[in-house]
Amino acid sequence: MKIFGKLRILGILLILMGFGYSTTQAQYLEEFENKVTEFTLDNGLHFIIIERHQAPVASFYTAVNVGGVDEPVGNTGIAHIFEHMAFKGNDYIGTTDWEKESKVIEQMDEAYQAWLAEKYSVNPDSVKLEELWSTFQDLQENSKQYVVNNEFSKIIEKNGGTGLNASTSSDRTNYFYSLPSNRAELWFNLEAGRFKKPIFREFYVEKEVVREERRMRTESNPVGRLVEEFIAVAYTAHPYGRPVVGWNSDITATTIEDAHDFYEKYYVPSNMTMAIAGDVDPDRMKELAETYFGDLEAGEPAPKVTTIEPPQRGERRFTIEGKSQPILLMGYHGVSQSHEDFEALNLMGNMISTGRTSRLYKKLVEEEKMALQVGAFNGFPGSRFSSLFLTLAVPNRGIDVDSLEQAVYTEIEAVKEGDLTQEELDRARTNIRANLIRGLNNNTGLALSFANAHMDQGNWREVFRRLDRIEQVTLEDIQRVAKKYLVKDQRTVGATVKADS
Amino acid sequence: MMFSLSLMAQKRYDEIEYPELNEIETPAIEEFSLDNGIKFYLVEDHELPLVNVRILVQSGSILEPKSKTGLASMTGTVMRSGGSENYPADKLNKLLEDNAANLSTYLGFSSGGASLNVLKEDFDDILPVFVDVLQNPAFPEDKVDLAKTQTKSGISRRNDNQQAIGSREFRDLIYGENSIYTQQTEYETVNNISQNDLINFHKDAFVGNNMMIGIVGDFNTEEMKQKLEEAFSSFPAGEETNIIFPEVNYDYPVTINFVDKPDVNQSFVTLGHIGGLRENPDYPAIQVMNQVLGGGFSGRLFQKVRTELGLAYSVGGGYRSNINYPGSFQITTMTKSSTTAEAIDAIIEEIERMKTEPPTEEKLQETKDQFLNSLVFRSVSKSQILNRQMNNEYNGLSPEAFNELIEGIKATTPADVQSVAKKYLRPDKLQILVVGNKEEIGDQLDKYGNINELDISIPQPPAEKKEQEAGDANQGKEWLAKMAEAVIEAGTEVTSIAQTGSQTIVTPQGAVDIPGTITNNYAEDKVKAILNAPQGTIEMTVQDGKGTQKMAGQEFPMPPASVKQIQQELERDYINIALSYASLEAEYLGKESIDGTEYVKLRVNFDTPVTYYLDPATNLPNILTYEQFNPRLGKSQQVKTTYSNWKTVDGVTFAFTVESTADGEKTSSQSIESIEVNKEN
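Quick note, the sequences are listed as chains U and H, same order.
1 is the number of the first residue of the first sequence in this note's numbering; add one for each residue after it.
502 is the number of the first residue of the second sequence in this note's numbering; add one for each residue after it.
Any given hint could turn out to be false.
[Said to hold, decoys possible] In the EDC-like style, the derived pairs of lysine to aspartate or glutamate whose C-alpha atoms are separated by at most 20 Å in a straight line are:
1. U:K363 - H:D646
2. U:K369 - H:D646
3. U:K498 - H:D1164
4. H:K621 - U:E31
5. U:K158 - H:D870
6. H:K728 - H:E545
7. U:K362 - H:D643
8. U:K498 - H:D661
[Said to hold, decoys possible] Which stretches of chain U does chain H cover? Using the computed rule of at least three CB atoms under 8 Å from a CB of chain H, they are:
9. 185–193
10. 209–221
To be clear, the hints were calculated from the coordinates, so they are not data collected in a lab.
Just so it is clear, CB atoms sit at the ideal spot from N, CA and C, and this is done for glycine as well.
Taking the hints into account, I'd like the entire structure generated from these sequences.
This is how it looks when you write it as structure tokens:
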């Protein structure tokens, strides 16, 4: 149950890998036309089946077009909390008596809400608060008697399931695992169970697990702290500025009722895409899809994010003084995935920072020996909405952050001057193409990239069609987008530095 | 066809009937060897137009001398980054990236290797380049320097990550600080590595008799064999490396260990003891035990610590068995500071429970099902199958080992699980390590025994000090005696000196004055300071390698790094030198003129040598210099202390004005009002 996939990439400082999936020639598209079967159920739920008969296994992937950006104010982190709840079972898995359990859960949530109401009232009464809290705790204890610990995950594990996990990012929520391919029906069964009628078992204990996750990834981690601060500074209005794991007080304020409302709004079939890749028969998969998901109600289309980030009025800078060695982030406001400049910005990031011949690496790591690591990539913290072109630099021992920052600008200015060459552009294209090919023999990767392409761009074929777009980007385009977007006014610069002690 | 029976009805999950699993195709692996000893393993895989070459080399950092820890890793790095003579770095990088070819080299702990992944149409062009890089790497000086810079930057950052600190220090507790299994690269060991060391390390490692090569991809086996023979037959046969894994016989007292990390709000907890070897008839039952205790979502630890108690996001671990040397039994979690002891207790309880409460038949069956049903995932790709065979052969694991494990797991009973738990889990031998926030944790750890606070400060790089000039030892001795006489009158006995005055410390926010009394007790090797700081009176004491600070009635231990610094200050104090000059070694380095005064330059050889500049007119030490590592800047600085305003009190001549700089910037000064000799007895 990982959160924020892209942030994790940052965590290991391998931004260069950011855009793993990419494109390929018409030849591959044609080949996959024969391997891919698509269908949409009457309720709007879309399936993509990718046949790969190399081994008797299959990977199953559910993508939901909901992430941190869609959360209501006051409930940041709710998309991720819901993701955790999706491992708690259903009305007969994980419980000894759902009828009784569900009643206690309802009472427990009411008690928690009563406590919250008192806590945030004008003059909270401490005696009353304590009483309300102990009522809530009694109900929580009471509810535990019906719980069969982790039964949902156990069923998957004993059937040979591997890679069981889920992730929530700013843009979307993913659920995935692999099974021996003869057990595909188990996935349909369990997936339908958790998304047709979610239960909120162990909700309030699980929120404490989420808080530990927040401590681990953000509060006790220098990179996590920096990134959380960075997006909060870079975005004024758009929800990309909020942490996917949620602010601590929002985690406290989130109730089962909130989570249920969130589910009702966003977990509708038209907002979900499911993909299966592996040794499966598409006709049989379609039968199973209809059997298990046919009765899922269509519901209303999910609400849209309407806030647009206003133009930035000047450079924003901050430093976090701490005890760890310095790290530097620089981000420029750019565009969303659907914008015509998106691929040019991607290519630019790839050209200046991917591989040992790239400018940032060659200059700052090899020649000047200023940076331990340096990277640039487009589309942070997401790509559904207008996002950032991000540069990260890790100074070598004894190199100060300011000189490294200036050195990165020198390289960026050169790009704006038109310094990049056709050779560098060709090289970037070649490597994007080859990386796509390398990703095609992996069930999980195929399911993930095809489903995401469908959800974000309306068609799995965009995975391959991206090549055409990349071929159309010229050096002039790259210089133009560099000049247009990589400007000081649109920049946020954040660093962790060692406090003087 | 069999599906038509079950059409169109939702079932409970436990009513689903599964069709037979399709056959797993096991590819035939073609093997052959060359006269120079290289063994090849080939598998065709035509799914994608790619060829992947993987080389395993018998070598690793286990072979490097302790004084040059980091040598193997750097050799692996510079083989690739430095290119060969025919393909120097820039040319090589362009060639590879223009063809979207990935080439990498590495040397790990007890194996090394290289890999090449290339589009099939480029294979013939790139293969000779790959071979040249492996056989004739150039190890150019600039890339050696780059690797050193980067390695050192890595060292400077190694205490930023709480989990990394915990894993590293725990190994020290289990295998011992000086074990080959815990060897750690330091600034000093990096400085000790030369270009020639890399050249020689590579020369011994990358020889035919050490190499296994696996190739999987879109090729024709017969054609490929010919290409490989041509490409690799020029490799020298060399001598097969004999890797010896020393036994682990580190015995330790059971301790509770702590690393203070004030910038976290979660404790990284790891506890355990030494583990076992793969070659063990109990190995299958141990794997089952591990699964029951700490495996996946259904392990007891996950169920208890995470799901039931909500104490952690991550918890797990097990009793690990290595092939060549003992693994470790280790359980790890991360929990908020306030529940550190609660989490430790919950984990210990689960370890105890493994010994007293065997898994139920049902739980055991689930564990076996999980293992057996997921076996198919061990053979989903041809490269996976090829890699497994190569790894087994490299490690000397018999081809039957895996089947024996499967059969062993099938045969394991609940009693077997309990019996291995009783035999291998030793709650009485648990080393506990916590990396966390001392202030937030409070006294929670006291109940586990005396807390051993670990010093994780990064040793400064001594070799970065300027080359030491050799001096005259006899003259050194003479000048040292003269200085001692000038400072302490003959016949004066000195046990302690208390100085009262004001310390001025320069901070980025400005200078801060702190009045107080500092007493150096030379007889007892003890320093005591009572300072009237803006936040109240602070009492600091350092003695016997330990330090405490008292403030507002509360006592805190001092960080080990501060203790060490104060001890060093006491050691290089000129009074201390005057008292113990007979047993010290010093070198006379000639005369040097500073600001118009000609001084006698005298180096005293402590672990960190210091240089005193004596005024030949008085023989008093007017200037002191030494190198000190500044962890904030990540580099060494030259500290210079100037002593003036000398006054004699009770036979001791003392500098009443002291000023210090680091790399020329003022850092502190002292203005002393009075001193008392032998006040403290």
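For this structure, which hints from the list above don't hold up? Per hint list: zero violations.
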